[in-house]
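Protein chains in written order, with my numbering: chain A, 1 to 449; chain B, 1 to 480.
It is worth saying that the hints were derived from the structure and are not from the lab. Since this is a predicted model, take the numbers as computed values, not measurements. A couple of the hints might just be wrong.
Below, in silico cross-link-like pairs of lysine to aspartate or glutamate (EDC-like), each with a Cα-Cα straight-line distance of 16 Å or less [unchecked claim]: (1) A:Lys-34 <-> B:Asp-188; (2) A:Lys-173 <-> B:Asp-341; (3) B:Lys-224 <-> A:Asp-231; (4) A:Lys-84 <-> B:Glu-119; (5) A:Lys-52 <-> B:Glu-84; (6) B:Lys-34 <-> A:Glu-418; (7) B:Lys-372 <-> A:Glu-418; (8) A:Lys-42 <-> B:Asp-341; (9) A:Lys-322 <-> B:Glu-119; (10) A:Lys-84 <-> B:Glu-182; (11) B:Lys-478 <-> A:Asp-125; (12) A:Lys-36 <-> B:Glu-84; (13) A:Lys-389 <-> A:Glu-418.
If you want the building blocks of each chain, they are given just below.
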Amino acid sequence: MKFVPNSSVKSLMLKDLGLNDIEDLFFDIPQKIKIKNFNLSKGLSQQETEQKLRKILCKNKSYNDILSFLGGGIKPHYIPAIVKSITSRSEFYTAYTPYQSEASQGFLQAMFEYQSMIAEITGMDVANCSLYDGITSLSEAALMCTRITGKKTFIMPHNISWEKKCVLSNYAKGPGIRINEISYDDKTGKINLDELNKKIDDNTAGVYIENPNFFGIFEDDITEIGKIVKDAGSLFVVGIDPISLGITKSPGEYDADIVIGEGRALGNPMNFGGSSLGIFACKNEFLRQMPGRIIGLTKDRDGKRAFCMALQTREQHIRRAKATSNICTNEGLCALAAVVYLSWLGSIGFFNLSKTNYEKGQKLAKSITAIDGFNLRFNGTHFNELVVKYSDDAKKLNKQLLQRNIQGGLVLDEFYPELKNCLLFGISEIHSDEDIERFAASLKEVSNV
Amino acid sequence: MYRSAVYDEPLLNELESPKKEKINIFTELPDSLKKKRNIKIPNLDETQIIRHFHRLSQMNYGIDSGIYPLGSCTMKYNPKICEEIASWDKFTGTHPCQDISTVQGNLQIMFELERMLCEITGMDYFSLQPAAGAHGEFLGMLLTRAYHEDKNEVNRDEVILPDTSHGTNPASVTTAGYKLIEIPSNKDGTVDLRILKETLSEKTACFMLTNPNTLGIFESDILKISKLVHDAGALLYYDGANINAIMGKARPGDMGFDIVHLNLHKTFATPHGGGGPGSGPVGVKIKLEKFLPTPRIGRTKEGVYLFDYDAPESVGKIRGHYGNFSVLLKAYIYIIMMGRDGLKEASEIAVLNSNYMKKKILDSKQYEMPYKDIRKHEFVISCEKLKKDKGIRAMDVAKRLLDYGFHPPTTYFPLIIKEALMIEPPETESKKDLDRYIDALIKIAQEDSENVKGAPNNTPVKRVDEVNASKNPILTWKMI
Chain A
1 MKFVPNSSVK SLMLKDLGLN DIEDLFFDIP QKIKIKNFNL SKGLSQQETE
51 QKLRKILCKN KSYNDILSFL GGGIKPHYIP AIVKSITSRS EFYTAYTPYQ
101 SEASQGFLQA MFEYQSMIAE ITGMDVANCS LYDGITSLSE AALMCTRITG
151 KKTFIMPHNI SWEKKCVLSN YAKGPGIRIN EISYDDKTGK INLDELNKKI
201 DDNTAGVYIE NPNFFGIFED DITEIGKIVK DAGSLFVVGI DPISLGITKS
251 PGEYDADIVI GEGRALGNPM NFGGSSLGIF ACKNEFLRQM PGRIIGLTKD
301 RDGKRAFCMA LQTREQHIRR AKATSNICTN EGLCALAAVV YLSWLGSIGF
351 FNLSKTNYEK GQKLAKSITA IDGFNLRFNG THFNELVVKY SDDAKKLNKQ
401 LLQRNIQGGL VLDEFYPELK NCLLFGISEI HSDEDIERFA ASLKEVSNV
Chain B
1 MYRSAVYDEP LLNELESPKK EKINIFTELP DSLKKKRNIK IPNLDETQII
51 RHFHRLSQMN YGIDSGIYPL GSCTMKYNPK ICEEIASWDK FTGTHPCQDI
101 STVQGNLQIM FELERMLCEI TGMDYFSLQP AAGAHGEFLG MLLTRAYHED
151 KNEVNRDEVI LPDTSHGTNP ASVTTAGYKL IEIPSNKDGT VDLRILKETL
201 SEKTACFMLT NPNTLGIFES DILKISKLVH DAGALLYYDG ANINAIMGKA
251 RPGDMGFDIV HLNLHKTFAT PHGGGGPGSG PVGVKIKLEK FLPTPRIGRT
301 KEGVYLFDYD APESVGKIRG HYGNFSVLLK AYIYIIMMGR DGLKEASEIA
351 VLNSNYMKKK ILDSKQYEMP YKDIRKHEFV ISCEKLKKDK GIRAMDVAKR
401 LLDYGFHPPT TYFPLIIKEA LMIEPPETES KKDLDRYIDA LIKIAQEDSE
451 NVKGAPNNTP VKRVDEVNAS KNPILTWKMI
């Protein structure tokens with residue numbers, strides 16, 4: 001049978017145990033609950049399996065089949081071949097959590113390097129070696145703020161993704177954290193500073209700000225925001241798109257305490273939204289309250305440099321109910337992809353990538369707004385995503401684009417009723433000038449109908 | 001004896017950067033955002049990078065290197081065909097917010113996987129959203145709360161666990177804001193019905209159980225347990241980490257469990273990835289269906305798959321989008337390939353392997369195994385005798401196994417066994433490898449104790465000072 005070598009020596013092994021029948025090993029399962037009918041299909045050969053999957057995949061269109069400018073925090077990025085070449089080394093991907101450090105030096109060192117690079121690009125002192133995704137990273141950050149400050153209110157902008165709000169509200173239930181929202185400025189798309197000033201108080205454990213925010217807009221008052229947060233004695237949590245950090249100040253440069261973000265864009269494919277990579281970094285003073293695995297550098301018995309999991313007493317396998325988080329399995333292989341990807345870019349490539357994404361974003365905005373009926377909804381500086389207001393029905397527009405084999409933007413009014421017929425578009429280095437031209441031409445065609 | 005590749009591989013930032021860079025400032029940004037210093041990531045050649053990570057990979061032990069009998073982790077062979085198919089860009093290149101007409105293949109896979117998991121577990125509905133087992137447990141606790149709140153039983157704020165539970169269980173319970181009550185196991189190593197009965201009350205929200213439990217013992221009283229829990233108005237939660245023992249044999253749904261999580265990266269052969277990504281789908285009985293996360297996956301009469309967000313009583317979401325799709329896809333491929341007979345045989349041989357190893361090891365009289373004799377897919381031996389006789393601890397045995405070229409078992413867990421080694425030899429291991437592992441364990445017990453305590457010797461580094469790593473944390477290049 002498949003992948004079960006001892007099928008053929010079953011009776012021999014049973015004999016060693018003094019048994020005749022494999023059922024004898026299951027006598028402790030009460031008769032009443034033994035399965036009578038197991039209604040799954042018969043197995044398939046590897047060849048049949050591959051054929052079946054080929055049929056299924058024909059029903060999908062990847063970004064290579066359909067021109068797409070979808071935003072919403074996830075976009076296709078170019079992944080150099082070197083990434084898969086390393087992540088498909090089965091010494092890496094068939095290993096588990098490096099509990100036995102002497103047999104896991106390779107993965108441990110790679111994770112140490114990942115932490116170093118994440119700390120470097122975010123400007124933080126320390127990073128863990130991944131959480132599930134950027135969204136759960138935010139939730140863990142809110143819990144951490146409460147643990148550190150003992151306060152029970154967490155402030156976040158109104159304009160973050162609805163998924164983030166929903167997940168955060170679930171994680172907040174445990175410790176009973178109250179969530180307060182601050183609105184955005186209708187013109188700029190940035191958060192409303194006056195409202196932050198009003199809402200922040202002695203009970204505020206932390207304030208979350210995204211830069212760039214969900215609308216793709218940079219919060220260029222970020223230093224000021226940081227000051228407001230610090231003056232109130234709260235912790236400053238910043239959400240980032242790692243791709244933007246090649247050209248913008250890192251959160252460390254404006255005194256963030258905790259930095260979170262979705263790291264998928266660093267060398268990992270979109271994969272229909274999963275797997276993902278939760279980035280989590282913070283200042284050294286909060287290290288012992290951090291969730292998740294952290295790899296440290298130490299020495300072996302002979303004094304030679306060695307790596308191992310550090311500060312394990314924060315974790316569930318040691319501290320159980322008192323752990324800083326319940327996370328065990330994380331997104332290690334995605335973190336490996338990220339460190340290989342960042343190595344491949346180097347600081348020069350990282351700067352150029354960041355710059356290209358910014359420039360493409362400007363180009364896209366220019367091309368779209370040149371068409372009648374399309375306007376930028378906000379006038380703040382945007383990165384590689386932008387909110388466009390359409391003068392007609394946005395959903396209808398997407399349908400018409402789809403007929404031309406183009407995937408339109410994310411329709412926002414479901415989550416932001418005030419943003420009627422607004423679409424969130426995204427672009428990255430994979431989009432060529434021809435792609436933008438074709439897209440703009442189609443928008444023009446469709447909007448004229 | 002085994003020899004691992006050994007390199008004194010420098011850190012990336014210690015490699016020589018062939019390219020020199022000038023300060024790069026992007027002038028178009030507003031001054032308050034402008035980055036004024038360069039990020040310090042070395043600019044290396046592709047060959048340097050490949051060799052670096054290639055060498056690192058050679059200093060890492062995975063299932064493809066050899067047997068990896070980490071208890072409760074089900075380190076089974078990861079079929080290559082799953083990796084291959086899951087890397088096709090028709091899957092990897094899809095955006096989660098694409099028009100659903102362009103991702104019908106993905107939706108079909110998720111729709112069918114949910115149904116297959118229902119059949120394997122005997123549950124009515126599944127959510128594929130959780131990213132790992134612990135994440136599934138957290139969702140289970142949210143569902144538990146939603147269920148009791150719906151019935152207006154808001155005072156149920158306690159969750160009961162046996163003292164053999166996985167570390168994630170108590171952590172998930174407290175993360176979700178429940179009070180934890182841990183109950184001691186009985187002399188068989190199973191749930192003590194009397195104590196359970198005394199502990200259950202109108203305050204109990206849920207009883208979490210792994211079956212077979214972490215000692216590898218099937219809780220034969222499960223129907224009685226289920227009755228006690230339900231009579232008290234509480235829910236019964238199944239930690240599916242150990243379901244590799246019973247596929248095609250028994251189903252948690254038939255045992256009376258209300259909520260189940262599975263670990264696709266364990267039982268369904270998706271790789272552990274050096275720590276993840278995993279996937280921890282959660283199944284429920286019909287009475288909990290309306291609380292499951294959104295979106296649910298539906299299918300119209302015409303056979304069109306869709307996302308259904310119309311669930312007013314849903315707990316909402318616990319992560320972005322729909323789950324770790326790449327992992328779901330691999331598990332789907334594994335299940336259709338194995339089929340009903342394949343999965344059943346996988347469990348049978350996993351249990352056979354475990355009992356075979358257990359008998360041979362115990363016959364040697366070097367190790368002891370407290371509690372009931374019959375075990376399922378894993379068993380836990382104690383090195384207490386070795387410790388008393390020769391001062392050799394479970395950790396020493398584990399490290400010495402590395403010298404023999406084997407990955408050690410889980411150590412010091414569950415906590416109720418002293419000097420524990422928790423061994424899980426999945427069905428994908430051959431008798432020959434099991435025999436070699438058994439021989440190594442016996443030999444180690446007979447070796448000179450200094451030899452064992454000095455292990456490992458053949459790994460890239462010798463015994464690592466983990467205490468120092470926590471006392472004086474060096475966690476980045478900068479901190480060196």
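Unsatisfied constraints (hint numbers, rising): 1, 2, 3, 4, 6, 7, 9, 10, 12
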